[in-house]
Amino acid sequence: MNPIVFGVLFILIAPIFGGLLAGVDRIVSARMQSRVGPPLLQPFYDLGKLLQKEARQVNPIAEPLLLGHLGFMAATGAMLVGGTDLIFVAFVFALAALFLVLAAGSVNSPYSFAGAERELIVLLASEPFFILMLAAICKVTDASSYQGVLSSAVMVAPKLPGILLAFTFVATIKLRKSPFDISTSHHAHQELVSGLTSDMSGRLLAYVELAHWYESAILAALVVLFFNWSVPLGLLAFAVVYGLEVLVDNSTSRAKWQLVLRSTWVVTLLLVGGNVLALFLIK
Amino acid sequence: MSFFSKSPWILHYDASSCNGCDIEVLACLTPLYDLERFGVVNTGNPKHADILLITGSVNERNIDIIRNLYRQMPDPKVVVAVGACACSGGIFARAYNIQGGIDKVLPVDVYVPGCAARPESIIDGVVQGIGALEQKRRKSA
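Chains as they are written, first to last, in this note's numbering: chain G, 1 to 283; chain R, 1 to 141.
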């Protein structure tokens with residue numbers, strides 16, 4: 001099949017996947033707190049409501065920026081499974097996140113601005129890892145595209161266990177989970193409740209939500225890269241990673257940004273660097 | 001199709017309440033009552049909220065804050081006054097600094113009586129608020 005077909009399919013299916021994942025997440029979280037929790041389709045109801053609600057625009061530039069965030073996030077996923085060069089995809093992924101920072105920084109609210117700064121910090125923490133991870137996967141499989149890695153005879157996970165472990169650590173940032181959700185905490189008892197989105201309402205908030213569903217699907221697609229010999233096994237591994245993230249989310253308190261930045265870089269350096277070094281030495 | 005009845009997000013504001021009603025409001029989110037079953041989220045941000053849930057009465061200090069919070073909420077929106085103080089001023093009604101219930105400042109849609117209001121009646125009030133939200137949406141559409 002033409003890789004472009006996969007890209008188009010991703011754009012259509014990823015929101016459904018991401019929304020259902022968010023629904024399962026909320027139910028599992030509720031059960032962990034011995035509550036019943038909302039219906040499975042709750043994230044879709046929330047999205048529908050946000051689209052029907054009035055959108056107050058503090059700065060008219062915010063809407064195009066958020067559409068850019070959503071568009072580039074969808075494009076990242078489409079390019080990833082559509083067979084574009086993996087390193088290039090990592091840069092588009094970062095660009096998508098940057099649009100969100102710009103949108104949050106475009107208003108005067110100190111909460112929004114603090115949220116934008118914190119989002120920049122988590123970007124600073126997570127981006128080096130994603131580039132190194134994709135570079136390492138390209139190196140061991142000798143391929144540069146998604147399809148290339150999947151059809152490679154080299155099994156990725158047994159060669160890069162350290163990087164897979166580091167992925168579960170860094171994914172906490174991208175999945176917006178505690179203790180690393182310093183810019184997007186959903187909990188109302190925090191001093192900065194989702195500072196990033198504090199001035200976004202109605203459909204503007206819906207764009208952010210939808211972009212996050214794409215982001216979850218992109219992360220699932222990245223986990224599949226590690227299990228390139230079996231896609232179902234990759235999706236199962238993503239379910240395990242996600243389950244761990246929900247557990248961590250419900251059992252830890254928020255970290256300070258210094259800890260987020262340092263711990264992520266230390267983990268990236270030790271696990272990714274160690275893994276790559278071991279590959280060179282063992283050969 | 002409307003999604004407002006399935007996803008009401010609440011902003012809870014404590015005007016000069018004694019905290020009795022506030023504890024009951026928070027009790028609604030605990031495992032025993034679990035308001036999230038109905039898609040309710042306690043947002044803490046007026047720009048994300050559909051229902052303004054206020055406990056306590058209006059005084060000289062918080063009158064501007066209450067107005068400000070209400071103005072920041074995007075339409076459609078409803079106000080639920082929880083507890084005797086929010087409904088009428090309660091036992092503080094004749095205190096020198098108290099102006100009365102929330103309806104002195106804002107158009108209140110649902111009154112939830114009680115001192116303190118019980119979680120069951122708060123949930124009932126929120127559900128009635130959802131009905132009012134739905135009506136307002138139809139009017140504006």
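These are computed hints drawn from the structure, not numbers from a lab. Be aware that one or more of the hints could be misleading.
Said to hold, decoys possible - Here are the simulated EDC-like pairs of lysine to aspartate or glutamate, each with C-alpha atoms no more than 20 Å apart in a straight line:
(1) R/Lys6 x G/Glu127
(2) R/Lys6 x G/Asp25
(3) R/Lys139 x G/Asp25
(4) R/Lys6 x R/Glu60
(5) R/Lys136 x G/Glu54
(6) R/Lys104 x R/Asp34
(7) G/Lys139 x G/Glu127
(8) R/Lys6 x R/Glu120
(9) G/Lys256 x G/Glu117
(10) R/Lys6 x G/Glu117
(11) G/Lys256 x G/Glu54
(12) R/Lys136 x R/Asp75
(13) R/Lys6 x R/Asp103
(14) R/Lys6 x R/Asp34
(15) R/Lys104 x R/Asp14
Now the hints, each set against the structure:
1. R/Lys6 x G/Glu127: Between R/Lys6 and G/Glu127 the Cα gap is close to 37 Å, so the pair fails against 20 Å, i.e. violated.
2. R/Lys6 x G/Asp25: Status holds; Cα separation ~18 Å.
3. R/Lys139 x G/Asp25: violated (35 Å)
4. R/Lys6 x R/Glu60: violated (36 Å)
5. R/Lys136 x G/Glu54: Answer holds: R/Lys136 to G/Glu54 is near 12 Å, not above 20 Å.
6. R/Lys104 x R/Asp34: violated (31 Å)
7. G/Lys139 x G/Glu127: holds (18 Å)
8. R/Lys6 x R/Glu120: holds (19 Å)
9. G/Lys256 x G/Glu117: With a Cα-Cα distance of about 13 Å, the restraint between G/Lys256 and G/Glu117 holds, given a limit of 20 Å.
10. R/Lys6 x G/Glu117: violated (33 Å)
11. G/Lys256 x G/Glu54: Cα-Cα ~34 Å, so violated.
12. R/Lys136 x R/Asp75: holds (9 Å)
13. R/Lys6 x R/Asp103: violated (26 Å)
14. R/Lys6 x R/Asp34: With Cα atoms ~15 Å apart, R/Lys6 and R/Asp34 stay inside 20 Å; holds.
15. R/Lys104 x R/Asp14: holds (16 Å)
Checked against the numbered hints given earlier, the structure breaks hints 1, 3, 4, 6, 10, 11 and 13 and satisfies all the rest.
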